[in-house]
Structure formats: structure tokens, C-alpha cells
Amino acid sequence: MNLALAPLFERGPLHAILAREFRAALINRYFQVFCALALLGGIAALVFSEDGSAVGFFILQIALYFVSLFSLLAGVSSAQGEREEWPLLFTQPVARGAYVIGKFCALSSIFGGVLLLLFLPALFTSSAATLAPLYVQTLLLAAVFIACGLVAGFFAHDRAQALIVGVSAWLFLLFGVDLVALFAARWPVMQNVPDLWVAALMFNPLDAFRIEALFALQQIPAEAANKTPLANWWIEHAGAWFAAIAIFWSGALLKIAGLRLNRWEE
Amino acid sequence: MTASFRAPLIIGAILCLTTTVLTATLQERIDAATPNEIICIGAGTHGSIAINKPLTLIGQPGAEIRGNGAGKVVAIAADDVTVAGLRITGSGLNLSDDDAAVFVTGNRATIEDNTIANSLHGIYLKKVSGARILNNRIEGKTTISPSAEPVEKGIGQSAENCDTTLVANRRGNGIHQWNCEDVLIRGNDISETRDGIYFSFTNNSRVENNVVHHTRYGLHYMYSDGNVFENNIFAENAAGAAIMFSKELIVRGNHFVNNRGLRAYGLIIQSTDRSRFEANELEKNAVGLSFNQCNGNQVIGNRVRNNYIGLKFGSNSDENSFTENIFARNLHPVETGVLEGSGNKWAVNGVGNFWDSASELDLNQDGIGDFAHRELDLFGILRRDFPVIAFLSDSPAAKLLRFANERAVIPGISSIEDPAPLTSRFWKLRAQRIAKAALPSER
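Quick mapping for you: the protein sequence lines, in order, are chains Z and A.
Numbering-wise, my numbering puts 99 at position 99 of the first sequence, and it's gapless, one number per residue.
For any residue, its number in my numbering is found by taking its place in the second sequence, counting from 1, and adding 1000.
If we strip away everything but chain Z, and leave its shape as in the complex, we get:
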């Protein structure tokens, strides 16, 4: 491992942070609510969907709206959880980046487990082969918003401010980007550079997730394909692109969170 990164992955501190996060998750109301929602959503998908593809479509909606939101809230909550302890915690001989990495890994693992509540009931009507890619994509989406929540939590002065910043970011990515795109599409200048418009959507993790999942599940005719080289490429590589953009966003946000902690002074 790179020597510069080695302190981030020291087994002792990482293990301690992971253990603490798992314990904290058990009493975290966001996790409790999300567990209930995931289970209800999974059962609802099973009960109200008429076939396997409908189950996938139902889960897609839950992932888009709820998984993204609750992973963000979990990130915010975790980042703010020990804020008052930072002066003490940061006296320990542990890289601050390990603190970020540990929280991210712990929360991602917890979501990996909790998401099974959403997906397992669907196995009664859909095959594991159909649902497995959607599960992995949903987990990647959760990872992005956990990282987003951690950044919001580490930057904010208190929990309320962190929630406001985090939820605003989520609303912007969920609705704002597409609304701006929709209005921009009517602008003649933008119509001359459709690839720029497409690129803006591609960099939004929620759009990248929606397009990948939607096109895979619905097999809708890609009327947008072949219209521009970039649109065509996106359609053909939607899965790989979403994985790449999710890893990029997660990595970039974790880096920002790490920098923030490194510069923090009491």
C-alpha cells in the first residue's frame, strides 16, 4: 500500500471506528426508520407489482428517493455524532482521514445489510440475477450520499446546519439539476450543443443511476441514442459509467471531508 495512505487503513483505529459506528447505528433513529421503510418497501414491491420487471421498477423508485435521502441523513448524523468529542479524539495518534474512511466503510457496510431488507422479499418474483445488479447500483448510490452526508456533517457547525446543507444538496441533485436541464433544453444555444447538456446529466449521480436502472429494467427504446456521440456512448455504457461516477463522487467527497478534518482546529 502507498505509504501516504497507510495510516488511513491501520487496522486498530479503523476497527475501533467501525465497531463504534455499528453500535451507534443500532440506536440511530434514521437507521431504525430506514430499516422499517426498506422492509415495507420490499414487501410492497412484492405485493403491488404485477411481474418481475415491475418489482425492479418499484425498487428503483425507493432507491431514488429514499435510499439516497436516508444514506445522506445517516452520513450527516454520523459526522455530527461525536463533534463535541473532536478535541479529545484528535489528540489520539490516529490519522484524521482514518476517521472519515472508517465511518464511510461502516455506514456503507450497514447499508449493504439493510438494503437486503428491500431486496430479499423481491426474490419471490424476480430472479437474483435480475436484482443483483440493481442491488449493487443501489449500494453505490448509498455510498455517494453517505459521503455527501459526511461532508455536510463535518463542515457544518451543528446538526441543524448540517441537515439543511445536506438536504439542500440532495434536493438539488434530485430535482434541481433536472429542472435546470429541462429549462435549458428549450434554450436554442443549448440545443446546438446537446453533448454539453448530456454531460451535465451524466455527472449527476442520481441521473446516472436512474438512466442505468431505468434503461436496464424497462428496456425502453433509446430514442436519445445515436443522436449525439456522447448520448450513444452513455446508453451503451450506462452501468460502467454509473459505477465510475459513483466511485468518483464518493472518493472526491471523502477527500474533501478528510481535508476538512485535517484543517480543523479547536
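Any given hint could be a false lead.
To be verified - Label-pair ranges, simulated between beta-carbon atoms:
1. Z:116 with A:1410: 36 to 46 Å
2. A:1292 with Z:239: 29 to 39 Å
3. A:1097 with Z:61: 55 to 65 Å
4. A:1438 with Z:183: 54 to 64 Å
Just so you know, these hints were derived from the structure itself, not from any lab.
Using N, Cα and C, we set each Cβ at its ideal position, and we do this for glycine too.
Please arrange chain A on chain Z, whose structure you already have, making use of the hints.
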């Protein structure tokens, strides 16, 4: 099929099993036969035939009439001819000569239980009445010989010279009708042809219980009036069915499924008036149901689900009524150029349609929503001017705007308004009402 209709075939089949093998060619036997005679065709390959008198030809298992790759294989010029139980292959490939496996110009022909393959058109009906096309299997010709003439190759083949694929536009139709009357087409399985069933200037006919798949248009239909289409399946074609320039049709109980070309439709209706489209299933198509320049049609109880665009509704259609249809899980429920106030009815006698995005507020529990439902065509003309707008399909932002439009009309964007949207409980409540109303009379 009625019993009286089947009787000659059954008798013929029995006779076939007991007849001794004859040495004359099939054409010689036909020429020598007396009118209305039953001719049994034994197993083996026979050459092309022309029938000029009323006859019944019944093939035994393994009987094949194979053309030499030119012209028609079975040409029926007389009235009251029956051809049944044969494999018919090897017609010519010249579209301008109407080459076909079975070419019918006599009235009241019955073509039944045949397998047709390796030909241009499957069954070609030209200016006939009373024909019955029953339970045939028709497979289009998808390849041509590499040794075909260079000119023909240039027209007929796909891009590469060494490629022997016969492109769809150069294939024939499964069942082709021109200028016919009173035709019954029932129980046929048609695949890999250009168009499955082709109607032109053909009136007062019935098409029922056929399966058409893997063709260009499952049904290609124009200038034909008063026909009935019932319980057919049009699946996995480039386009399900195109009905154009016709009137007074009944299209009922058909399935238009999985027709997913880039510009494919489940059912496209163009310039068609005073017809009834009822209880059809339009599912998993690029566009489920498309109306353009159609007037005075009734669209009742159809299920339009899981399509990319559910209903494409041209602005130049008037006086059409829509009731009890289900529009569910379409990524774009409606594409329309219609602004509110058009002459179409989205509810009949206070009964509208089910829209899965409509609110289900129904305080009096009659299965009909308390507020009108507006279905917004958010992308509108952008679909044409800026096709990548499709990437916003089913986006939260699009849903947010549709939600907002339910409460207050967003100006300048096309939409339709259903004044009496149905809730998901409408059908259950109605069944209960009917059952309750029937109780006193039973007593």
C-alpha cells in the same frame, strides 16, 4: 370453424388414407379431375400447380408442393377451391409480379392447415370474396441464394454483397389482400414476413385468433372498411399494427405486445373514423396507442401499460371518446399537441379513464376521482427538436412538474384533461353495484 365447414375436409382426409398412389403428376390429376372432386396428395414433393375448377386438395403428412423459385406455386383461379394440409414452398421473389406461395383469384377459396415457407407472399388474395384462411403457418423468406443475379442482389440484399439476408422491405407479406370482400382469417401463425397481414381495399372481413410476430408491420391496413379484428396477437414486430384511411372497424381483444423498434407502435391509427377500439392490450411497445387525424372513434376499456409513450395523440383528431381505459406504468403517459378545449371526450357519461399518476381522492367512494386529472406532455416538441431530452424520462423533476400541473395548469404546455378519472377500485365497486342491483330481480 363450423361443423358444416369442416365436413368435406374430414371426409377427404379419410378418402386420402384409403386411396392408392397414382402415377400421374399432380397437375395432370388436377386437369383430369371432375369439378368438386377431392384429390389426395401423397407424401413427397410435387411441382407448382394451377387450379381452374372447383376442387378440394388435401395433403397427406409429408406432402409438399415446391415451386422452382419463379412465379406462383399454387395458383387458384376457380371458385370454391380448398387447399389443405400441404407444405408449400419456393415461389418467385418478384414483388411486381405478385409472386406468392398461394395466389387466389377465385371466390370462396379455403386455405387451411398448410405450412408455407421460403416464398415471397404467403397467401395472396386478389379481388376475391368469401375466402377462408384458416390455421396456416406462414414463415417468411429471410435469405436468398448467393447465386442470385447481381441486379437483384443489389436491390434485395442487405449492405454486403456476400450477405444473403433478404431485407424486410423486399420480403412479401404473410397474407396479402387486395380488393377483397367477406374474408375470414382465423388461427394463422405468421412470422418473418414483411407485413403479417396486409389489407388494401378489403371490406367486411373478420380477422381473429391469429398470431403475428417478428414481422415489419404485424397488420398493415388501409382503405378497408367495416372489418372486425378480434383476439389476435401482434408481438415483437417492428410495429404492431398500422390502420390507415379506413372507417367503421371493430378492433377488440387484441394484444399488441413488445413492438419495440426505434419508431415502433403497438397500434397506430391514422385517418380512421367511426371505429371502435375495445379491450385491447397494448403493452411494452415504444408507443402504445397512436391517434392521428382520426375522428369519431370510441376507445373503450383498453389496457395501455408499460410502454415508453402510452398514448400519442395528434392535435388534428376530433370527436373521439375515451372511457374505461387503463394507462399505467408508461414512462410518458401521453404525447400530445392538444391544448385543453379540444373536441375529444376523455369521459363518457361521467366515466373517464384510469391514470396511475392521478390522485385517488374519491370521497363518495364511487370509483371516480373527485377532481379532474390533467395529463401533461412535458417534453412536447422537444422530442423532435432535442431528442436527448429523453434522458429526463421518469425523472423526479418531470414528476414534480406533473404533480404541480395537477393542482394548477402550467401555461404553454400541452395536456389533456380527464374530467372523471377512475380510481383503482372502480371496477370492483362497479361489479359490486351490478351484483347488488341484480339481487332483487333474483328474489
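Hint check:
1. Z:116 with A:1410: 36 to 46 Å: holds (41 Å)
2. A:1292 with Z:239: 29 to 39 Å: holds (37 Å)
3. A:1097 with Z:61: 55 to 65 Å: Taking Cβ atoms as reference, residue 1097 of chain A and residue 61 of chain Z lie about 56 Å apart, which means the hint holds.
4. A:1438 with Z:183: 54 to 64 Å: At roughly 55 Å between Cβ atoms, residue 183 of chain Z and residue 1438 of chain A fall inside 54 to 64 Å, so the hint holds.
Of the numbered hints listed earlier, not one is contradicted by the structure.
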